[in-house]
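J.: Please construct the entire structure, taking both the sequences and the accompanying hints into account.
Protein chains: 2
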Amino acid sequence: MTTNLGTVRIVGAGLLGTSLGLALSKLGVDVVLTSHSQKSIDLAIEYGAGRAAAESDNPNLVVVCVPPAKTAQIVAAELVAFPSAVVTDVASVKNSVLEDLAELGADLSRYVGSHPMAGRERGGAIAGRADLFVGRPWVICSTSKTTPEATKLVESLAQAVGAATVAVEASEHDRAVALVSHVPQLVSSLLAARLVAARPSDIALAGQGLRDTTRIAASDPNLWLQILEANSSEVLAVLKAFEVDLHSLVAAIESGSAQTASAQIVKVLETGNLGVERIPGKHGTKHTEYSQIVVMIDDKPGELARLLTEVGQIGVNLEELKLEHSPSAQIGLVELYVVPEAEQKLIDDLVARGWRIAG
Amino acid sequence: MTTNLGTVRIVGAGLLGTSLGLALSKLGVDVVLTSHSQKSIDLAIEYGAGRAAAESDNPNLVVVCVPPAKTAQIVAAELVAFPSAVVTDVASVKNSVLEDLAELGADLSRYVGSHPMAGRERGGAIAGRADLFVGRPWVICSTSKTTPEATKLVESLAQAVGAATVAVEASEHDRAVALVSHVPQLVSSLLAARLVAARPSDIALAGQGLRDTTRIAASDPNLWLQILEANSSEVLAVLKAFEVDLHSLVAAIESGSAQTASAQIVKVLETGNLGVERIPGKHGTKHTEYSQIVVMIDDKPGELARLLTEVGQIGVNLEELKLEHSPSAQIGLVELYVVPEAEQKLIDDLVARGWRIAG
Numbered sequence: 067m068t069t070n071l072g073t074v075r076i077v078g079a080g081l082l083g084t085s086l087g088l089a090l091s092k093l094g095v096d097v098v099l100t101s102h103s104q105k106s107i108d109l110a111i112e113y114g115a116g117r118a119a120a121e122s123d124n125p126n127l128v129v130v131c132v133p134p135a136k137t138a139q140i141v142a143a144e145l146v147a148f149p150s151a152v153v154t155d156v157a158s159v160k161n162s163v164l165e166d167l168a169e170l171g172a173d174l175s176r177y178v179g180s181h182p183m184a185g186r187e188r189g190g191a192i193a194g195r196a197d198l199f200v201g202r203p204w205v206i207c208s209t210s211k212t213t214p215e216a217t218k219l220v221e222s223l224a225q226a227v228g229a230a231t232v233a234v235e236a237s238e239h240d241r242a243v244a245l246v247s248h249v250p251q252l253v254s255s256l257l258a259a260r261l262v263a264a265r266p267s268d269i270a271l272a273g274q275g276l277r278d279t280t281r282i283a284a285s286d287p288n289l290w291l292q293i294l295e296a297n298s299s300e301v302l303a304v305l306k307a308f309e310v311d312l313h314s315l316v317a318a319i320e321s322g323s324a325q326t327a328s329a330q331i332v333k334v335l336e337t338g339n340l341g342v343e344r345i346p347g348k349h350g351t352k353h354t355e356y357s358q359i360v361v362m363i364d365d366k367p368g369e370l371a372r373l374l375t376e377v378g379q380i381g382v383n384l385e386e387l388k389l390e391h392s393p394s395a396q397i398g399l400v401e402l403y404v405v406p407e408a409e410q411k412l413i414d415d416l417v418a419r420g421w422r423i424a425g
Numbered sequence: 067m068t069t070n071l072g073t074v075r076i077v078g079a080g081l082l083g084t085s086l087g088l089a090l091s092k093l094g095v096d097v098v099l100t101s102h103s104q105k106s107i108d109l110a111i112e113y114g115a116g117r118a119a120a121e122s123d124n125p126n127l128v129v130v131c132v133p134p135a136k137t138a139q140i141v142a143a144e145l146v147a148f149p150s151a152v153v154t155d156v157a158s159v160k161n162s163v164l165e166d167l168a169e170l171g172a173d174l175s176r177y178v179g180s181h182p183m184a185g186r187e188r189g190g191a192i193a194g195r196a197d198l199f200v201g202r203p204w205v206i207c208s209t210s211k212t213t214p215e216a217t218k219l220v221e222s223l224a225q226a227v228g229a230a231t232v233a234v235e236a237s238e239h240d241r242a243v244a245l246v247s248h249v250p251q252l253v254s255s256l257l258a259a260r261l262v263a264a265r266p267s268d269i270a271l272a273g274q275g276l277r278d279t280t281r282i283a284a285s286d287p288n289l290w291l292q293i294l295e296a297n298s299s300e301v302l303a304v305l306k307a308f309e310v311d312l313h314s315l316v317a318a319i320e321s322g323s324a325q326t327a328s329a330q331i332v333k334v335l336e337t338g339n340l341g342v343e344r345i346p347g348k349h350g351t352k353h354t355e356y357s358q359i360v361v362m363i364d365d366k367p368g369e370l371a372r373l374l375t376e377v378g379q380i381g382v383n384l385e386e387l388k389l390e391h392s393p394s395a396q397i398g399l400v401e402l403y404v405v406p407e408a409e410q411k412l413i414d415d416l417v418a419r420g421w422r423i424a425g
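As given, the protein sequences belong to chains A and B, one line each in that order. Quick note: the first sequence uses the numbering used here, first residue 67, plus one each step. Quick note: the second sequence uses the numbering used here, first residue 67, plus one each step.
Hints were generated in silico from the structure; no laboratory data involved. As the structure is a prediction and not an experimental result, all values here were calculated from the model.
If several chains are the same, the list does not tell them apart, and a pair holds so long as it fits within one copy or across any two.
The list that follows gives simulated cross-link-like pairs (lysine to any residue, SDA-like), each with its CA atoms no further than 25 Å apart:
#, residue 1, residue 2
1, K105, I140
2, K92, D414
3, K388, E369
4, K306, E336
5, K105, D364
6, K211, L71
7, K306, K333
8, K388, A230
9, K105, S122
10, K211, V146
11, K136, E235
12, K105, Q358
13, K306, Q330
14, K92, E221
15, K333, R265
16, K388, D415
17, K92, R202
18, K105, E409
19, K333, V262
20, K136, N126
21, K92, G228
22, K388, E401
23, K92, R372
24, K136, K333
25, K388, Q274
26, K92, N124
27, K136, Q330
28, K306, D268
29, K306, E235
30, K388, R419
T.: Structure follows, in structure tokens:
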């Protein structure tokens, strides 16, 4: 696949800058890398994320991948340094960057704020991976001042690395990420913080639930402080609503009435069910847009390939697939996810071909 | 591997009963299954989790795998029905079961409370898997009344299915799981509950962090109500401490002093770092026993089947497989999980055959 992105200049060789450089380089795009950290640049170049910046570079597009608190200043400088280039950034907050750029008198016609919703709890060039953006939303925050060409170029960038673009205003973006990203980060940190004073023998009983709920508590405090500072009013609103719900639960359990406690506990658990069902598609446990068909296959080589070949022959497109296979089980469970309209046909045809459908 | 467990009778064919039956049957243990749900029994037996109970059964060991609120009553009945058998249960709370049994006048010399720290957000026989207990802690709560032989038999059960036994008193267990399991469940539900009133366009920006922190919010409310009711005083203590921390954070952000807010945010994030570091073993990824290889495939029919056919030709056994596919992306990511020894060969052979490995 080739793209018409031209030369892309990436400022910052952390997780996002390096991952973007890797993804673009694999597509044959000319990527030049720069960073205040020579060590990061060396590592990113060694990984194959691009080449070192040179005087003669004439980038079409500059992607600023630096911490949020430094973003506006560097975007402004890049707009000046490359007067015909489009400049975007990938900071997790968008409104404060835009306000700072307006204050700095930056040329907002060539600036497009953006935010790939992709990350890992590990940062740095060393954590970079070319597939970081595949299938993830990439928010594009154009303004009335942005030229259509600038917006289009940044959209092409996101699409080239496999992301799904989402056009949102900066302030809407910040409200949304307070809910889906910033408050979950704080809640995860608060939950993990409870473990600090616990006995090792208690923590030894930890299962997957604790590991999942606290995974992002391992995130970089300095990076997150910048994000949370820049979006504190939106974060506060969500955090206060969470606190009200929590307090209702605590008060109900503390009331001494088993009935009151149980009613509130059930309410929290059931509302949680409804909430998690609203998270779209992949990665989670519920796949509400897709119908799930569970096929039982014998645990012998080639069975899965045979199943998928036959699904292909039936002519139904798989939206998602998960294999549950246990080393010691004689049967593997294959979860096929298809659009609801295709469910019955696929079940009928698989059964006709002798496959066993579970459930 | 053979064990000297004798005949094991499992009461209840949900996730835990079925998984235990699968694991023991693979080891050649004679497993008899019973449940109030004939449908679950039929499915569990078809999976290979054991045989139907018969009049002539004379189990050495009975494992009660029913919801917490029914556990004590069924344990007591099994102790009476099989007067020479050791009886254990797998309920997530231990002290209330013990108290109820004492009230019922049960023979506590042959009862050993236990709790395998293994679960999934999906329940039922259909979710059963033989490797559910591998590498997980399995808590054994003996009392001063338990005979050493009874304790030893339940330890043998846990070890036979690959779990690591942990001897803890019932009340200690309940205090520990309030911290590492019950409060994380409620916090995850409260977090997911915030999504109920959100705009779909906001939720569309969800990333992996939200998915991980809210995964267990999809758990069964009825099961969890029973657990939380039976352990409400321990849960309340942890929940109140969490609430105090949360309120300090809210108050600091609300104070209007950027310095106060930042100091408290950093404190929460850094304490969260320290807390998550205390969790033993693996962080995040579910399958540290296996190596993960991510293959990028074109989003066209038959590609996945072709990949799996070639993996079969290479002769490497897939332990697990996950497809990440986004409707709007042109590339699908296939995560292959193999034993670490097979990783390099599979990568080399796939690359030689022209497949693209990500990362």
